[in-house]
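Engineer: Model the full assembly from the supplied sequences, consistent with the hints where possible.
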Amino acid sequence: MSDPDITFYRLQACPFCERVTRKLAQYDLDYQSRFIEPMHSDRNVVKRISGKRTVPAIVDRNTGVTMSESGNIVEYLDRTYGTEGSDPSRTASESADGGAD
Amino acid sequence: MVDFEVVDLPETDHVDEGDTAPDFTRPLVNEEYWEDAALSDLAEEGPVLLVFYTMDGAFPATYIWNEIRDRSWDSDHDVTVVGLSISSPYEHKTLIEERGIDYRLFSDPANGVAEAYGIVNDLDGMAGVSEPRPAVYLLDEDRTVEYAWVASEWPDFPDYDEVEAALADL
Numbered sequence: 001m002s003d004p005d006i007t008f009y010r011l012q013a014c015p016f017c018e019r020v021t022r023k024l025a026q027y028d029l030d031y032q033s034r035f036i037e038p039m040h041s042d043r044n045v046v047k048r049i050s051g052k053r054t055v056p057a058i059v060d061r062n063t064g065v066t067m068s069e070s071g072n073i074v075e076y077l078d079r080t081y082g083t084e085g086s087d088p089s090r091t092a093s094e095s096a097d098g099g100a101d
Numbered sequence: 001m002v003d004f005e006v007v008d009l010p011e012t013d014h015v016d017e018g019d020t021a022p023d024f025t026r027p028l029v030n031e032e033y034w035e036d037a038a039l040s041d042l043a044e045e046g047p048v049l050l051v052f053y054t055m056d057g058a059f060p061a062t063y064i065w066n067e068i069r070d071r072s073w074d075s076d077h078d079v080t081v082v083g084l085s086i087s088s089p090y091e092h093k094t095l096i097e098e099r100g101i102d103y104r105l106f107s108d109p110a111n112g113v114a115e116a117y118g119i120v121n122d123l124d125g126m127a128g129v130s131e132p133r134p135a136v137y138l139l140d141e142d143r144t145v146e147y148a149w150v151a152s153e154w155p156d157f158p159d160y161d162e163v164e165a166a167l168a169d170l
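So the protein sequences, as listed, match chains A and B.
Quick note: the first sequence, position 46, residue 46 per the numbering used here, numbers continuous.
Quick note: the second sequence, position 95, residue 95 per the numbering used here, numbers continuous.
Quick caveat, the hints were computed from the structure, so don't treat them as lab data.
Glycine included, every Cβ here is placed at the ideal spot set by N, Cα and C.
Be a bit skeptical, because a hint or two may be false.
[Unchecked claim] Ranges between beta-carbon positions, derived for each pair: (1) R48(A) to D36(B): 20 to 30 Å; (2) G128(B) to T83(A): 42 to 52 Å; (3) G128(B) to R22(A): 49 to 59 Å; (4) K52(A) to P10(B): 30 to 40 Å.
Structural biologist: Right, here's the structure in full:
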């Protein structure tokens with residue numbers, strides 16, 4: 001197994017995470033999923049990489065970006081991997097509460 | 001150990017010394033998260049000791065991991081120790097925490113890996129549930145089996161000294 005550039009920290013059945021999954025699939029991006037614990041206090045690995053205990057979070061070694069919150073991540077993926085400026089459905093208002101669980 | 005005959009497990013044509021251990025990819029759990037990992041990727045980095053054990057929570061799981069933890073083989077030998085049971089990643093995380101083990105555990109609820117290795121143990125009294133019979137495989141970088149032990153009784157435990165001798169022979 002080659003190491004994909006994107007590491008995706010996620011929680012099973014978390015809708016915010018599934019939103020990111022859909023976007024990764026849409027752009028056919030290779031990623032490695034790392035599943036973490038439902039318990040907030042047990043999420044040290046995410047805290048270490050992103051500074052927060054929320055998921056989803058991604059680390060993209062392509063660009064050196066580490067990011068939390070589904071709205072932010074989706075926007076980032078659109079910007080980075082989408083067709084330039086062709087996705088008018090993305091607005092800033094969507095980035096509000098992505099990281100909650 | 002007891003004054004009656006322990007239950008014999010049927011003969012099985014399992015993966016044995018000299019064979020190439022079948023590769024597989026399953027969620028591999030550490031103390032913080034789990035991710036899909038291939039046995040071949042672990043083996044590429046050096047010998048692997050693959051320990052099949054009863055589901056987390058059964059007493060043999062506790063016995064086996066206490067013993068393996070205390071022997072800390074990986075500090076004296078170039079070996080990656082990993083376990084495998086049918087328990088879910090959530091249960092593995094609990095076992096790792098409760099037993100204080102430094103080793104990662106594969107999760108294989110559908111028991112497909114045991115099937116590939118020929119070591120399926122259908123559990124009497126738990127309808128529809130099968131798990132691997134206890135087994136220990138020491139693999140080199142090509143996944144060639146250098147040492148194999150497969151339970152022939154139920155319950156049965158690895159001969160830890162024998163495993164240690166096999167590690168010394170690497």
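Engineer: Each of the hints needs a verdict: does it hold here or not?
Structural biologist: Going down the list of hints, with the structure as the test:
no.: 1; hint: R48(A) to D36(B): 20 to 30 Å; result: holds (21 Å)
no.: 2; hint: G128(B) to T83(A): 42 to 52 Å; result: holds (48 Å)
no.: 3; hint: G128(B) to R22(A): 49 to 59 Å; result: violated (33 Å)
no.: 4; hint: K52(A) to P10(B): 30 to 40 Å; result: violated (53 Å)
Going through the hint list in order, the structure does not satisfy hints 3 and 4.
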